[in-house]
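Novice: Use the sequences and the hints to build the structure in full.
Protein chains: 2
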Amino acid sequence: MPRWEPDARERIVAAALQLFSEQGYDETTVAEIARQAGLTKSTFHRHFPDKRDVLAAGQETLSRLLAEGIAAAPDDAAPLDAVAAGLRRASGAFQPARAALVASVIATSAELQERAALKQVGMAAAMAAALGARGVAGPVARLAAELGALALKQGFATWVAGGATADLGELMCAELDQLRTTAAQL
Amino acid sequence: MPRWEPDARERIVAAALQLFSEQGYDETTVAEIARQAGLTKSTFHRHFPDKRDVLAAGQETLSRLLAEGIAAAPDDAAPLDAVAAGLRRASGAFQPARAALVASVIATSAELQERAALKQVGMAAAMAAALGARGVAGPVARLAAELGALALKQGFATWVAGGATADLGELMCAELDQLRTTAAQL
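Going down the list, the sequences are from chains R and X.
Quick note: the first sequence, position 84, residue 84 per the numbering used here, numbers continuous.
Quick note: the second sequence, position 110, residue 1110 per the numbering used here, numbers continuous.
The reader is advised that the hints may include incorrect statements.
Quick list of in silico lysine-lysine cross-link-like pairs, DSBU-like style, CA-CA up to 30 Å [claimed, not checked]: (1) R:K119 with X:K1041; (2) X:K1153 with X:K1041; (3) R:K41 with R:K119; (4) R:K119 with R:K153; (5) X:K1153 with X:K1119; (6) X:K1041 with R:K153; (7) R:K153 with X:K1119; (8) X:K1153 with R:K119.
Just so you know, the hints here were simulated from the structure itself, not pulled from any lab data.
Specialist: Following this line, the structure appears as structure tokens:
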């Protein structure tokens, strides 16, 4: 029996990122990732269905944190203020040392970009559901969630472009404020 | 030399849709699609890189029509009114007899959903660029384009759910009006 690998998941992510950036996403196999991580292929598959799921793994966590932050906002918070609370909660999950590498690997692969686009739809849906659970009406919840997803994407891009040193939560909330101001002008 | 097939592209799309819906997207090969269309594999590949590109083909046309409609809006049209003109222009490209089938095939495949999500990002980018060319400031252009992409998606879903008999352009513009009203409340 293989021994328990408490940090296997983290090692797989680190090994995959290294290989994707060194030799390209398309050229990297699950077997290579497992070998680089010092694990078997079957251990890899206990954690991830396929190599493309490695980079998407953090996005389920993001959806959960966004929803938790929205749920924990004060009862009288406006919908976009609840979204801001979700963005702040989720921002803590981003690792500065890794963010630029993940972004650059995704930029090289159409397949990963497609997956990332769908995950963004999933994050918006998670936020809309969390707002709905607070009693926010459907159309308002959906639009506030879409603005939240845009603020997350744009704030992340600004953060990575600046070397991932700034406060990510503040950047995302500044983007959301700008979207709110812009929305009022339309 | 193969003879010229003036309607090859259309025959490929029809054959692919039939096979995808009958036997499933994952189970259908390019060779089967070509055979069903009465064409060779190399003719298929002169029109589409791979089977997944068949369903996405219409989306490039949509981006072009959205941009054309926005460019052709009156000079004094507000950004969202220009977007509405783009939606009306693009709505003419949807084929009622085919829309529900395309939507149902996409719903069965995670790969096709990912591709559709990225294409939606592409349509929003095309609209934002067309608004920028009209002199609309970046943040306003990007948000108006995002609302346009949402209106297109939601209007299309409503249209398909109703049997694709209503005026699609009107449905999309009604969604856009609702988004504008909702945005003012945030």
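Novice: Could you run down the list of hints and mark each one as holding or not?
Specialist: So, going through the hints one by one against the coordinates:
Proposed proximity of K119 (chain R) and K1041 (chain X) is contradicted: the alpha carbons are some 34 Å apart, above 30 Å. Between K1153 (chain X) and K1041 (chain X) the alpha-carbon distance is near 33 Å, which puts this suggested pair outside the 30 Å criterion. Restraint check for K41 (chain R) and K119 (chain R): the C-alpha separation of about 26 Å stays at or below 30 Å, so the hint holds. In summary, the hint linking K119 (chain R) to K153 (chain R) is supported, as the alpha carbons are separated by about 11 Å, within the 30 Å threshold.
A threshold of 30 Å between alpha carbons decides the hint, and for K1153 (chain X) with K1119 (chain X) the separation of about 11 Å falls inside it, so the pair holds. For a cut-off of 30 Å, the pair hint linking K1041 (chain X) to K153 (chain R) is broken: about 40 Å separates their Cα positions. Between K153 (chain R) and K1119 (chain X) the CA atoms are separated by roughly 17 Å; this keeps the pair inside 30 Å, and the hint holds. The hinted pair formed by K1153 (chain X) and K119 (chain R) meets the criterion: a straight-line CA distance of about 17 Å does not exceed 30 Å.
Of the hints listed earlier, those the structure fails to meet are numbers 1, 2 and 6, in rising order.
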